[in-house]
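Engineer: Sequence:
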Amino acid sequence: MIKIKNLKKTYGDLEVLSDVSLEIKKGEIYGLVGRSGEGKSTLLRCINGLVHYDSGSLTVDGEELKLISEKDIRSFRKNIGMIFQQFALLERKSVYENIALPLRAWKYDKNYIDKRVKELLDLVGILDKADQKPKNLSGGQKQRVGIARALSMNPKILLCDEATSALDPKTTKDILKLLKNINKTLGLTMVVVTHEMSVVKDICDRVSVLSKGKIAVTDTVENLFLKQHKYLEDLIGEEDLYLPDDGKNIKVILPSCKASSTIISSIAKSLSVEFKIVDADINKYQSSLMGTMVLNVKDKDLSRIESFLRENDIEFVSL
1 MIKIKNLKKT YGDLEVLSDV SLEIKKGEIY GLVGRSGEGK STLLRCINGL
51 VHYDSGSLTV DGEELKLISE KDIRSFRKNI GMIFQQFALL ERKSVYENIA
101 LPLRAWKYDK NYIDKRVKEL LDLVGILDKA DQKPKNLSGG QKQRVGIARA
151 LSMNPKILLC DEATSALDPK TTKDILKLLK NINKTLGLTM VVVTHEMSVV
201 KDICDRVSVL SKGKIAVTDT VENLFLKQHK YLEDLIGEED LYLPDDGKNI
251 KVILPSCKAS STIISSIAKS LSVEFKIVDA DINKYQSSLM GTMVLNVKDK
301 DLSRIESFLR ENDIEFVSL
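Per our numbering, the very first residue in the sequence shown carries number 1; after that it's consecutive.
Bear in mind the hints are in silico, worked out from the structure with no lab data behind them.
Just to be clear, a hint being listed does not mean it is correct.
[As the list claims (entries may be wrong)] With a straight-line cut-off of 20 Å between C-alpha atoms, the simulated SDA-like cross-links for lysine to any residue are:
| id | residue 1 | residue 2 |
| --- | --- | --- |
| 1 | K248 | K300 |
| 2 | K227 | D281 |
| 3 | K118 | N181 |
| 4 | K227 | R206 |
| 5 | K248 | F316 |
| 6 | K230 | D246 |
| 7 | K118 | L101 |
| 8 | K25 | L44 |
| 9 | K156 | E28 |
| 10 | K298 | P255 |
| 11 | K212 | D19 |
| 12 | K212 | S55 |
[Unchecked claim] Label-pair distances were calculated between CB atoms; the ranges are:
| id | residue 1 | residue 2 | range |
| --- | --- | --- | --- |
| 13 | H52 | R304 | 54 to 60 Å |
| 14 | S138 | L319 | 37 to 43 Å |
| 15 | E274 | Y11 | 30 to 36 Å |
| 16 | K135 | D61 | 35 to 41 Å |
| 17 | G62 | S198 | 33 to 39 Å |
| 18 | I264 | D299 | 18 to 24 Å |
| 19 | K177 | T218 | 38 to 44 Å |
| 20 | S138 | Y112 | 26 to 32 Å |
| 21 | E15 | E119 | 22 to 28 Å |
| 22 | K214 | K133 | 41 to 47 Å |
| 23 | G125 | E274 | 24 to 30 Å |
Ideal placement from N, C-alpha and C gives every residue a C-beta, glycine not left out.
Can you build the whole structure from these sequences, using the hints too?
Structural biologist: Shown next as structure tokens:
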């Protein structure tokens with residue numbers, strides 16, 4: 001659906017995107033993550049044609065953007081919906097009018113507009129708010145209006161630029177659940193720009209991490225955490241753990257297929273070694289689970305335990 005190859009974008013002497021290459025499949029929920037200023041939002045705006053890239057290739061649904069004329073770019077954007085962090089609603093217009101605005105701009109029939117707006121209000125769960133002004137809505141309700149408006153033109157692609165950053169955790173979960181339902185029901189391709197790793201875990205199929213304007217790593221969400229890519233530390237910080245000074249500390253990562261296994265007890269029984277479990281946690285990645293455990297082991301047992309983990313294809317890192 002979206003193919004990007006060797007994309008470059010500069011603003012004066014500042015190189016914002018450098019040799020970016022990735023491919024987003026039809027119907028996929030794809031995450032673009034990274035710290036502020038790494039080029040995520042610029043890349044998103046290149047995809048919808050709001051920002052012109054300097055070189056490279058960017059094709060959306062088979063169309064190379066740099067070959068689309070200024071005359072045709074407006075029609076191209078009909079197929080791409082956009083959700084913003086701060087909602088971008090017109091405060092003087094009602095919920096109904098905000099959603100109807102793109103349809104009226106394209107001069108759709110009045111009856112079609114009415115039917116379409118009501119369908120979308122029902123889809124996002126705020127049919128009873130049609131006549132309300134944005135100032136009377138909660139943050140979550142405002143974002144539902146933004147989602148409905150983004151869907152008004154029946155787009156093939158939905159771009160989400162930090163769509164949950166202004167929301168509380170409970171509302172964020174509700175909005176992510178709605179977006180997953182829309183993805184499943186309508187088959188939309190979604191590109192999600194975020195710095196919140198909880199959003200990535202809950203909704204994304206694959207993810208690219210941007211660092212200094214480049215793609216540092218691309219992987220499935222589960223593999224990103226399973227392999228403990230070094231760029232994760234920049235995004236989520238180091239864990240605040242109490243680690244014993246004596247012995248060696250290792251973090252064992254158990255993917256969904258092994259998260260409920262008896263791997264820890266197997267180490268003790270098979271190797272006849274003693275160790276301490278310093279920390280343990282379970283994380284959810286959509287419908288999958290991943291477990292992590294921090295073990296404190298004696299120096300003399302470290303090499304045997306590491307060999308056992310490798311033989312059983314268990315990922316681990318030294319702390």
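Engineer: Check each numbered hint from earlier against the structure, then list the numbers of those it violates in ascending order.
Structural biologist: 6, 10, 15, 19, 21, 23
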